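Listed below, chain by chain, are the residues.
Number of protein chains: 2
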Amino acid sequence: MTPFEVPEGDPFGPHNLPYGVFSPAGSEHRTVGVRLGDHVLDAGAAARALGSPYAALLARPTLNPLLAAGRTAWSDVRRALTAWVTVPSHQETVAPFLHPLSSVTLHLPFEVADYVDFYASENHARNVGQIFRPDAADSLTPNWKHLPIGYHGRAGTVVVSGTDVVRPSGQRRVPGEDAPVFGPSVRLDIEAEVGFVVGVPSRLGRPVPLADFREHVFGLCLLNDWSARDIQAWEYVPLGPFLGKSFATSVSAWITPLDALEEARVRPPERTHPLLPYLDDSEEEPGGYDLRISVAVNGHVVSEPPFSTMYWTAAQQLAHLTVNGASLRTGDLYASGTVSGPEPGQRGSLLELTWNGRDPLELPDGKRTFLEDGDVVTLSAWAPGPHSVRVGLGEVTGRIVAG
Amino acid sequence: MTPFEVPEGDPFGPHNLPYGVFSPAGSEHRTVGVRLGDHVLDAGAAARALGSPYAALLARPTLNPLLAAGRTAWSDVRRALTAWVTVPSHQETVAPFLHPLSSVTLHLPFEVADYVDFYASENHARNVGQIFRPDAADSLTPNWKHLPIGYHGRAGTVVVSGTDVVRPSGQRRVPGEDAPVFGPSVRLDIEAEVGFVVGVPSRLGRPVPLADFREHVFGLCLLNDWSARDIQAWEYVPLGPFLGKSFATSVSAWITPLDALEEARVRPPERTHPLLPYLDDSEEEPGGYDLRISVAVNGHVVSEPPFSTMYWTAAQQLAHLTVNGASLRTGDLYASGTVSGPEPGQRGSLLELTWNGRDPLELPDGKRTFLEDGDVVTLSAWAPGPHSVRVGLGEVTGRIVAG
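Top to bottom, those sequences are chains A and B.
If you read the first sequence in this note's numbering, its first letter stands for residue 2, the second for the next number, and so on.
If you read the second sequence in this note's numbering, its first letter stands for residue 2, the second for the next number, and so on.
Calculated from the structure, these hints are not laboratory results.
Please note that the accuracy of each hint is not assured.
For identical chains, the list gives no copy identity; a pair is met inside one copy or between any two copies.
Claimed, not checked - 25 Å max Cα-Cα, derived SDA-like pairs, lysine to any residue:
#1 K146 <-> V175
#2 K146 <-> A234
#3 K368 <-> A74
#4 K146 <-> A69
#5 K146 <-> L276
#6 K146 <-> P239
#7 K368 <-> H388
#8 K368 <-> G38
#9 K146 <-> D360
#10 K146 <-> F183
#11 K368 <-> R230
#12 K146 <-> E178
#13 K146 <-> S170
Computed from a predicted model, the values in this text were never measured in an experiment.
Hey, can you work out the whole structure from these sequences and the hints?
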């Protein structure tokens, strides 16, 4: 069987073709790769061998040139790649540029410009509200149903899947004490999220309307927004999360193009409040995505958050992010916020899964409230694809190491 | 008089030599410039003409290569530049590379990596607390005296002095109404700040101690953190400021190296609370800077905030920013937060100067609570230099235009 004969039903078949950046075994050279089954195609080398003009976009150490090229180029390149891995005459030419996935090193696939994190799951926001403000009349803040709440995170500490996460130290308050103590976080958590990658920039002062979402956004990845709950709780009033988040954000090594997710588009949940015109998507194409996420700690699945339950869509988030005239750059990354479904087994953070530590998780290797050193967290996901075949999203994994 | 004969007492004499990036008249070519009096020296061209090895750092379209070169290189380059503009034999060689300041176009001097904004003025934080929480027992939040509060802002909308600022639109709440309205901000404000520019990166997982501040930070600029108070008030609970800030942040075109500000170093105000060891600067060299800022609206000075009154120093901010292991990149920018002194005429925002609009400012062209379209805001500053000569900081100016 050749590498092109991907088993039927493989979530990384030619219907998927996500993009990443890799180095072949024994090399430090970084270049764009496209995943096919258990192999990675050196897309730039393949393009050159075929005399394709797309070599200029693909024989590069990051995805940024491809991201900047725009939707028409994205579709054209995808069509070409599909032909290269499915048409026998092309297969013969590109076969030398296929590398076993297990032999390559995967890198952060793009240079992150600005990183924004949203808070778009109603279930998550309500869980957090109930945990931290149990006496409030409404578990949501008054603005929650009117705008997708977001904040800027640290772009420079976005790391690729597989990077160890050093347990952060910082200030935390001990109940009953006025002054904080300092030390390693004792409430280190995950947030299972989906990240959206901006390709085409926008001009300062010009909002991006809902309908232009697909002109600017290239694709999506899985994202773990590691969170030190104790550091965050002490620091976040009044200017929001800072050191509780900025130590690391992990993303999957594979960026799935939106073009591979056409069958996964769904309408978001019904809106309970009227939306201002710039956020009103009732007349737009479906803005949600049916992504089935799985959260595993040390190989044990602890949650299966459904992305289709997100109240705010990625298109709404982009429209909101730019409505004040803020411009986009190639490589901007914005994340959904923790994905939590309505059921207890669908929560995307340990904070919610253990109800702030009250109800520890029972894992094969012991109880967990928050993460322990040595724990490995892995997010994976798939989406419905054409002909009932799944579209696999790349996984994002990280191991906690002591500081 | 040659351009080298800068008048005695000129704040941009050879004791200063701030760095920027400029294009000569009629050219789009960007290169590093050094300000001398009313002229700009094309530093890269001068270096080449003199056969200096520093041409590789200076004949560049941004300051980033120089920023990355590190403290020893920074000092060596500064020493060389000083010789080029003061030693007659060198002056003759570099004279052709001096351009009248009025003839050049100034650009954003460096590529901004991450942008963080702090909240380090006790006077500012107390004023804001009294305005928004008049019934609180303490105008400071409980964490304020224990850590320099900060948050990430949008790096992609940092613009150079002189760039027009488009009045942002967004959601704001009308008192007595449940749902927000949408429209141009009606409470557009300034924040007079000082920005610090990181040169040398740090490793993920490795905090930067207080004592290493000068190994990482190259210099400082003036910064106006434009703020839409109405947008900010509606959005900022619970995750902090987002669209109320992200539409634009203006920086001066000139970066003053720390080496030019040795005489301006001062001890920060006495600390009222014990500090955790990583923030305790009582045994360190003075971490404050005596910068005298001036805020003008349409040419009329409305405030003179003294930077020496800031409670948290730039070194403490850097130590805090990295104590969780977050890494630094060349081009990271972090700002002090609004600089406000103890006197009413020393407040760094219109929010404080007008006490949230209650006490309008009387300007020659009428009353002001917040900014009107067409208003031009200019921050300028100087610091004590050698032999009682002032060190001029570049100004940062911006005009408000309708959206």
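Within, between, both or neither, where K146 and V175 count as close if Cα-Cα is 25 Å or less: between (33 Å within a copy, 16 Å between copies)
Within, between, both or neither: K146, S170 at alpha-carbon 25 Å: between (34 Å within a copy, 19 Å between copies)
Identical-chain pair category, K146 with A234, by Cα at 25 Å: Classified as both; 23 Å inside a copy, 16 Å across copies.
Identical-chain pair category, K368 with H388, by Cα at 25 Å: neither (41 Å within a copy, 67 Å between copies)
K368 and R230: within-copy, between-copy, both or neither at 25 Å Cα: within (18 Å within a copy, 46 Å between copies)
Copy assignment of K146 with D360, given that the CA separation must stay at most 25 Å: Classified as neither: same-chain Cα gap 29 Å, cross-chain 35 Å, threshold 25 Å.
Within, between, both or neither: K146, A69 at alpha-carbon 25 Å: This pair counts as neither: shortest intra-copy Cα distance 33 Å, inter-copy 45 Å.
Alpha-carbon proximity between K146 and F183, which holds within one copy, between copies, both or neither at 25 Å: between (37 Å within a copy, 15 Å between copies)
Copy assignment of K146 with E178, given that the CA separation must stay at most 25 Å: So K146 and E178 pass the 25 Å test across copies only (15 Å; inside, 36 Å).
Same-copy or cross-copy closeness of K146 to P239 [CA-CA at most 25 Å]: For K146 and P239, both the intra-copy (21 Å) and inter-copy (14 Å) Cα distances are at most 25 Å.
Homomeric proximity label, K368 with G38: Cα distance no greater than 25 Å: neither (36 Å within a copy, 68 Å between copies)
Within, between, both or neither: K146, L276 at alpha-carbon 25 Å: Within one copy, since 8 Å is at most 25 Å while 40 Å is not.
When held up to the earlier numbered hints, the structure conflicts with 3, 4, 7, 8 and 9 and fits the remainder.
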